[in-house]
Amino acid sequence: MVIPQKAIDSVNKNKIGLKGPLATPVGKGHQSLNLALRKTFNLYANVRPCRSIEGYKTPYDDVDLVTIRENTEGEYSGIEHVIVDGVVQSIKLITEVASRRVAEFAFRYAVANGRKSVTAVHKANIMRMSDGLFLQCCREAAEKFPEVQFDEMYLDTVCLHMVQDPKKYDVLVMPNLYGDILSDLCAGLIGGLGVTPSGNIGENGAAIFESVHGTAPDIAGQDKANPTALLLSACMMLKHMGLGTYGSKIEKAAFEAIKNKETRTADLGGKATCSQFTDAVCRYVD
Amino acid sequence: MRIKQIYPTYRQTRCLHYSQSSLALSSAKEHSPLVGTKPVNTVTLIPGDGVGAELMGSVQMIFKQIGVPVQWEELFVSETSSSRSASLDDVLKSIRKNQVCLKGVISSGHGVSGVSGELETLNMKMRRALDLFAYVVHAKSIPGLLTRHNDLDFVVVREQLEGEYSALEHESVPGVVESLKIITRGRSERIAKFAFDYAIKHGRKKVTAVHKANIMKLGDGQFLQSCEEISELYPSIALETMIIDNCCMQLVSNPWQFDVMVMPNLYGNIVDNIAAGLVGGAGVVPGENYSEDYVIYEPGARHSFHEGVGRNIANPTAILLAASKMLAHLNLHHFSSALSSAVYEVFKSGKVRMRDMGGQATSIDFTKAILQAIRL
Chain A
1 MVIPQKAIDS
11 VNKNKIGLKG
21 PLATPVGKGH
31 QSLNLALRKT
41 FNLYANVRPC
51 RSIEGYKTPY
61 DDVDLVTIRE
71 NTEGEYSGIE
81 HVIVDGVVQS
91 IKLITEVASR
101 RVAEFAFRYA
111 VANGRKSVTA
121 VHKANIMRMS
131 DGLFLQCCRE
141 AAEKFPEVQF
151 DEMYLDTVCL
161 HMVQDPKKYD
171 VLVMPNLYGD
181 ILSDLCAGLI
191 GGLGVTPSGN
201 IGENGAAIFE
211 SVHGTAPDIA
221 GQDKANPTAL
231 LLSACMMLKH
241 MGLGTYGSKI
251 EKAAFEAIKN
261 KETRTADLGG
271 KATCSQFTDA
281 VCRYVD
Chain B
287 MRIKQIYPTY
297 RQTRCLHYSQ
307 SSLALSSAKE
317 HSPLVGTKPV
327 NTVTLIPGDG
337 VGAELMGSVQ
347 MIFKQIGVPV
357 QWEELFVSET
367 SSSRSASLDD
377 VLKSIRKNQV
387 CLKGVISSGH
397 GVSGVSGELE
407 TLNMKMRRAL
417 DLFAYVVHAK
427 SIPGLLTRHN
437 DLDFVVVREQ
447 LEGEYSALEH
457 ESVPGVVESL
467 KIITRGRSER
477 IAKFAFDYAI
487 KHGRKKVTAV
497 HKANIMKLGD
507 GQFLQSCEEI
517 SELYPSIALE
527 TMIIDNCCMQ
537 LVSNPWQFDV
547 MVMPNLYGNI
557 VDNIAAGLVG
567 GAGVVPGENY
577 SEDYVIYEPG
587 ARHSFHEGVG
597 RNIANPTAIL
607 LAASKMLAHL
617 NLHHFSSALS
627 SAVYEVFKSG
637 KVRMRDMGGQ
647 ATSIDFTKAI
657 LQAIRL
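Residue numbers (my numbering), protein chains in the order written: chain A, 1 to 286; chain B, 287 to 662.
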């Protein structure tokens, strides 16, 4: 399965895209389509702001962090070999170029969005060369942005503290796999993938914003789905495009709709259908 | 069906958590107070880095006061202070002789090639030499220690010899580093079997295999396949599979669904720490390392807590619960349950509380409270 040329041309022309979920089968032969998209458009950073949603109670009230994940290499290189029968080798690739690029993006993002600190998440005590290189690039980027505080922390320590006291964290930058896991962990803290926005930033201003939940084939076509994730991703997109005032307006309206049990969707414990929720958001925007 | 192929290999495999009497002990002695009796069991003791020495002090103090028949063979082992450390050979010799070890956390240090100049950490070397393939963290909520999720009781089984921790890295071209993750059928089957055996022995109902086979199709695909094949040998235990990112999300939103979990190395590291965080932090969860012949008990979340050194603030619960599990393993069940009951009682009564419970008690205060609560 390959991305159709028309899609590629469209994104290259418009530079900005909004995407829904794409399914990846487990353990089958071909490479993930999501991965292919990232490689084709060189989307090197995945950004996921996680903020506790007022009106949707989880055991964690005070989450306000951003995970920035290197999106092109690391453990997701897709390079695996069967060395001999029963022995598999998967290659994790870390390059200076990609590490530097995502590290500098993290700091620029922090500055642009008024965030105070960037924490590099790694396992350089175990993967000494690869994560060591990533860490080194983060340290060098930190020197270029002295106004932003820089920390480094082991992945397991972050996980340990994240589930106890998430308000410690601000912007987190990390290689691919850790980013995947941590960003989902953080999404779990605020209410799951149904309410988490995500943006993929490429070079030259290109960006694709997407909802990161699954395709949910079991509820497709029944007007049950929660559009919050996609809606918030669209707001992120507007902010990226310089249309921040619109983005914030819609975001606020969406949070109002979630606060009210009548207009919340079923997955958040409410009574509304997808279209009822949408109507409510439209009403609140006015 | 590959059952016939797998089973012959495992006929010979003894899993240490089976053997009730692998160590010669006179169980008659364990029921009476043993102050003054000659100790029967020698256990290797490795204080480790950070707050390790202080915490071991708590264990040794309590054991001495209540007369536990254990003799310690203490070895200072450190990767970051390697000049003062016992040699790896000495450590291995001791553990092979005593078969049981209680240890603190040994820090690995980091940066390119760490402190030792080698890619493999001292911890990894030890585990490989002793074939400690399974790491078990029992995440159990402690009544009286309020957390966001209470009444948890699940077990994380982690394969700890291969996977991402293979220490096979090289710079193929300047600025490009390759790190190899190795998954083998043999080790995957072994850890899967361990998990299912553990489930049977402890009356558990379900094993959840955690993986990322949608991305690492061959590597984690192999792990998953091994779990599925082994599960066929255990029709009374349910097998569930879950992708690691979803697993993390489930852990923070609905952790009560988990029973026994099995996974490769790195995911194990992550889930161990999430589990510890859920039930109260690194200070309260014990960990057990198993090979076919040896067991090493240590604090579950493996954090040396450097910041706490010398401040008398480290929580001794994790190492005391680990010591309690060790006592059960040594067939000193009376002492084992007396110790763990005392720990639970101190938490429940809430009179002596450490920092992580919102109180001001020091490590020594807490240790004394536990000692006072022991009923033999």
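Hints listed in this document are in silico derivations from the structure and should not be mistaken for laboratory results. A few of these clues could be false.
Unchecked claim - Simulated pairs of lysine-lysine, DSBU-like, Cα-Cα distance not exceeding 30 Å:
1. Lys-224/A / Lys-13/A
2. Lys-167/A / Lys-634/B
3. Lys-57/A / Lys-39/A
4. Lys-426/B / Lys-350/B
5. Lys-492/B / Lys-167/A
6. Lys-13/A / Lys-239/A
7. Lys-57/A / Lys-383/B
8. Lys-492/B / Lys-426/B
9. Lys-39/A / Lys-19/A
10. Lys-13/A / Lys-57/A
11. Lys-350/B / Lys-57/A
12. Lys-350/B / Lys-167/A
13. Lys-168/A / Lys-492/B
14. Lys-168/A / Lys-271/A
15. Lys-168/A / Lys-637/B
16. Lys-252/A / Lys-271/A
17. Lys-249/A / Lys-259/A
18. Lys-491/B / Lys-168/A
19. Lys-261/A / Lys-57/A
Stated by the list, open to error - Restraint ranges, calculated between C-beta atoms of paired labels, are given here:
20. Ile-660/B / Ile-83/A: 27 to 37 Å
21. Gln-646/B / Pro-146/A: 20 to 30 Å
22. Arg-139/A / Ile-486/B: 29 to 39 Å
23. Ile-83/A / Lys-634/B: 50 to 60 Å
24. Val-595/B / Gly-86/A: 43 to 53 Å
25. Asn-540/B / Glu-152/A: 45 to 55 Å
Said to hold, decoys possible - Footprint (simulated), chain B over chain A, 3 or more residues, beta carbon under 8 Å:
26. 8 to 18
27. 36 to 50
28. 75 to 83
29. 203 to 212
30. 234 to 246
Every residue, glycine too, gets a C-beta built ideally from N, C-alpha and C.
To test your reading of the hints: which numbers does this structure violate? When the structure is compared with the hints, numbers 1, 3, 5, 7, 10, 11, 12, 13, 14, 18, 20, 21, 22, 25, 26, 27, 29 and 30 turn out to be violated.
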